[in-house]
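Protein chains: 2
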Amino acid sequence: MTELISRLQNAVGAAHVLDAVEDQAPYLRDWLGKYHGTALAVVRPGSTAEVAAVMAACAAARVAVVPQGGHTSLSGGATPDASGQAIVLSLSRMNRIRKIDPIGQTVVVDAGAVLAKVQDAARDAGLLFPLSLGSEGSCTVGGNLAANAGGVAVLRYGVMRELTLGLEVVLPDGRIWDGLRALRKDNTGYALRDLFIGSEGTLGIITGAVLKLFAQPTARATAFVAVADAAAALKLLRLSRSHCGDRLTAFEFLTSATLDMILRQIPDTRLPFDALPSAAVLIELSDISDEPTLAARLETTLADAMAEGLVSDAVVAQDGTQAKAFWRVRESVSEALVREGKALKHDIAVPVAEIADFVKVMDAAVDAALPGIRPMVFGHLGDGNLHYNLMRPLAMTEDAFYGHGPRITRLVHDEITRRRGSISAEHGIGQLRMSEMPLCKPPLELELMQQLKRTLDPHGLMNPGKLLPNV
Amino acid sequence: MTELISRLQNAVGAAHVLDAVEDQAPYLRDWLGKYHGTALAVVRPGSTAEVAAVMAACAAARVAVVPQGGHTSLSGGATPDASGQAIVLSLSRMNRIRKIDPIGQTVVVDAGAVLAKVQDAARDAGLLFPLSLGSEGSCTVGGNLAANAGGVAVLRYGVMRELTLGLEVVLPDGRIWDGLRALRKDNTGYALRDLFIGSEGTLGIITGAVLKLFAQPTARATAFVAVADAAAALKLLRLSRSHCGDRLTAFEFLTSATLDMILRQIPDTRLPFDALPSAAVLIELSDISDEPTLAARLETTLADAMAEGLVSDAVVAQDGTQAKAFWRVRESVSEALVREGKALKHDIAVPVAEIADFVKVMDAAVDAALPGIRPMVFGHLGDGNLHYNLMRPLAMTEDAFYGHGPRITRLVHDEITRRRGSISAEHGIGQLRMSEMPLCKPPLELELMQQLKRTLDPHGLMNPGKLLPNV
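Sequence lines, in order, name chains G and E. Position 84 of the first sequence, counted from 1, bears residue number 85 in the numbering used here, the numbering being contiguous throughout. Position 248 of the second sequence, counted from 1, bears residue number 249 in the numbering used here, the numbering being contiguous throughout.
Looking at chain G on its own, in the form it has when it is part of the complex (with noise of 0.2 Å):
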């Protein structure tokens, strides 16, 4: 092992090769506090061949690599495990925009660039590069690859996979894999660079990518609406799409029992309506047109929904700082989760038109389970993708809860691989859902991945543990 640390000193610096428990610290621990490990050693390549030479030098001695870039996974997917047998690579120095080409309208960019950096000089060349998600302050790019990462903007742009043109990957052996083409079309063999992309880390590292960016919305109307239900709002949904198309960049739909929370929890967070409303949706369309022609054709969607019965209540945005507000209340929800005490979580998706009545199937099941359990139900409606959160029975403790947990897990994913329907929509599998891929995927699904795996990474050196049970 002196004999690694050393050649990894000398590919990256010594200054670069953290082994002081104290220095390492931050790489070991999920922001959550939920996942921790240790490492070997903590390794902060500066460029491409020093990650080359980092993971020649790796697997040379046969000693498993962890990928890291801003470390929000939220299934435990870029911290190491407790057998402080393997290396943490963090990605963090490489956080370079590369090159912006405002004409082909890409931008290639270091995989530690975290993401809000990309959005920034995407502005800044009068374009967009739409992800939008929570921790977009501190995830990086090549976590957003790593986790195929979804958020807010999905509807209209596409996941991180829609979004992305080219990569730069270090295989497991060292050798880099140059795919950074800023092609729009390419049918010259198999999918490289998809295989990557949602792989977390476990066949490669990836070290640089070409993204796609659009032009720049100049109008933006917002509309905080109230409903009945999921199923009044996908047919609110359904109306909107016929009559707004593209426009519509986000549908985002939270139960009642979730708007109580945060205006419970979240200071100066409010709604526009006279009462709580049972369910509500924060719909967001966006154009290149001004802002009066796009709130008409929002006020007319929404008046035709109310004539149909779909909406009991809608405001539409007056200017920037109530459409502020309204986001606000979306955004608050992690916060107000957070400080409302533990929740079982489940990132769900269904097909589309099944999640109006998953949620009502799910509620009544979990309910005659443990009866009073409360679900705080929000999230990307349009993709079919909710974050079904559970929280405890008033009466209950929250360690007796959590008691609970496996089985109500068991529960609600059952149900969803009943439906075809994904126990992981945007956050990955990670540690937190590993054990219960053979419960989700059918058996040939699973030895088909395994045996790419294989295939890729034949001394099973990259981020162990995740991902992928029993390779």
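The hints are simulated quantities; they were obtained by calculation from the structure and are not laboratory data. Just to be clear, a hint being listed does not mean it is correct.
Pairs count within a copy or across copies, as identical chains cannot be separated in the list.
Below, in silico cross-link-like pairs of lysine-lysine (DSSO-like), each with a Cα-Cα straight-line distance of 30 Å or less [said to hold, decoys possible]:
| no. | residue 1 | residue 2 |
| --- | --- | --- |
| 1 | K236 | K454 |
| 2 | K442 | K100 |
| 3 | K343 | K454 |
| 4 | K100 | K35 |
| 5 | K454 | K100 |
| 6 | K325 | K343 |
| 7 | K35 | K346 |
| 8 | K118 | K454 |
| 9 | K454 | K346 |
| 10 | K118 | K236 |
| 11 | K325 | K118 |
| 12 | K442 | K454 |
| 13 | K100 | K361 |
| 14 | K100 | K236 |
| 15 | K100 | K343 |
| 16 | K100 | K346 |
| 17 | K343 | K236 |
| 18 | K361 | K118 |
Given the structure of chain G, go ahead and fit chain E onto it with the hints provided.
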């Protein structure tokens, strides 16, 4: 072999195993008459289970399989070789629209469904399946997936890969991978779907797919625009995007020589200009809006472009009939080429911003290599994808010209490779470009593809002689 034939007959019914030469003929020769081969038998299964039985029988007998849809490949991707040792597996009997979901905006189809039939089914449900290309009346969804088809609406809606949510695939050993999920988001492991899309039938047989549908536009605006050259067209693209955003649905470029050829070869084609321009762009906007509003936006865009000196003349179609006449010019180009004589065809892509420079540099280089050679260039400029076709100098015979073919193609493709472009943007590699793969791909990339091929098709039975050399 008699045993295999009898197993195949048991699997699909004797009537669907064609062994007479006259019955086989249409399956052995591609539609351009460029590729032909022979086969042990042509097998036409009627269901996924029958495909699985055929594959299991072939795997047991170690007999190769050539999957075939509409047989419209431009690269010989679906035609067997001359060995007579393979069976052709035609999906043509599997042509059902299985299910359409107007709320989730998805459609589930058999792989053998003809593209136009899928477009029609979407339209009947008030929705749009946007993939659109010349052969849409014959090509099948399975072929579109195998070749990751492009076409004239990629600018707005993306290529086939981006239009696909789920797949059903029969593996080389006859097992069925049921990945027919209709999920907009699903981060639970490797992207098996994307590995099969674009693999040209070399990894398995796609038997079904879940495709995305979109809101049907209610207004279109079409213009024919005269520009000086590809550089001006590129500036017009940028301006159109910033003025029109997602409304920009098509941006098709044609050079003067190409336009002249179309007008000469195809009766009743005409341009709306006083004189033949040195190049032209066909622009289409679409939106959920009314036609006058959309036409007004296109007119404003073109007026601004004219003020900036990017456009010398422009005509916005006054009605659907005129728009159709504009599109007829663009759509006649393939037929005009056939009538004009033989062409050296190159389906290239470069980063969008480089496309004008590529045309300029390449035109000079091919003329230096063979004075008088006639570039007939057209295509999807907005995607960085042009059909860079070359025709004989008028003083040279076609045979003599064809003698220069390999040298000229090398010149074109070397320039593409230098620019990190693609030698097959949308037509695939097939037989046509297989031997060029080592010239245009880094060795590591080829090696990774070959490893994946061996992993999924260890006996090399899937579509041999296509896509990947030396496996």
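Evaluation of the provided hints:
When the C-alpha separation of K236 and K454 is checked against a cutoff of 30 Å, the pair qualifies neither within a copy, at 42 Å, nor between copies, at 45 Å. For the identical chains of this complex, K442 and K100 are inter-copy neighbours only, at 23 Å across copies versus 40 Å inside a copy, given an alpha-carbon limit of 30 Å. Proximity of K343 and K454 under a CA criterion of 30 Å is satisfied in neither setting, with 35 Å inside one chain copy and 46 Å between copies. Taking the shortest Cα distances, K100 and K35 never come within 30 Å of each other, neither inside one copy (37 Å) nor across copies (43 Å).
In the homo-oligomer, the alpha carbons of K454 and K100 never lie at most 30 Å apart, since the shortest distance is 32 Å inside one protomer and 34 Å across protomers. For the identical chains of this complex, K325 and K343 are intra-copy neighbours only, at 28 Å inside a copy versus 61 Å across copies, given an alpha-carbon limit of 30 Å. Taking identical chains as interchangeable, the C-alpha atoms of K35 and K346 lie at most 30 Å apart only when both belong to the same chain, with a minimum of 13 Å there against 58 Å between chains. In the homo-oligomer, the alpha carbons of K118 and K454 never lie at most 30 Å apart, since the shortest distance is 32 Å inside one protomer and 38 Å across protomers.
In this homomeric assembly, K454 and K346 come within 30 Å of each other (Cα to Cα) only inside a single copy, at 28 Å, whereas the closest approach across copies is 39 Å. Taking identical chains as interchangeable, the C-alpha atoms of K118 and K236 lie at most 30 Å apart only when they sit on different chains, with a minimum of 27 Å there against 37 Å within one chain. Taking the shortest Cα distances, K325 and K118 sit within 30 Å of each other inside one copy (21 Å), while across copies they are farther apart (45 Å). Taking CA atoms no more than 30 Å apart as the test, K442 paired with K454 passes in both settings, with 16 Å inside one copy and 23 Å between copies.
In this assembly of identical chains, K100 and K361 lie within 30 Å of each other by CA distance solely across copies; the values are 24 Å between and 48 Å within a copy. In the homo-oligomer, the alpha carbons of K100 and K236 lie at most 30 Å apart only across protomers (20 Å), although the nearest pairing inside one protomer, at 43 Å, exceeds that limit. Neither within a single protomer nor between protomers do K100 and K343 lie at most 30 Å apart by alpha-carbon distance, with minima of 43 Å and 41 Å respectively. Taking the shortest alpha-carbon separations for K100 and K346, neither the intra-copy value of 39 Å nor the inter-copy value of 32 Å comes in at or below 30 Å.
For the homomeric pair K343 and K236, neither the shortest alpha-carbon distance inside one copy (32 Å) nor that between copies (54 Å) is at most 30 Å. Taking the shortest Cα distances, K361 and K118 never come within 30 Å of each other, neither inside one copy (40 Å) nor across copies (36 Å).
Violated hints for the displayed structure, listed by number in ascending order: 1, 3, 4, 5, 8, 15, 16, 17, 18.
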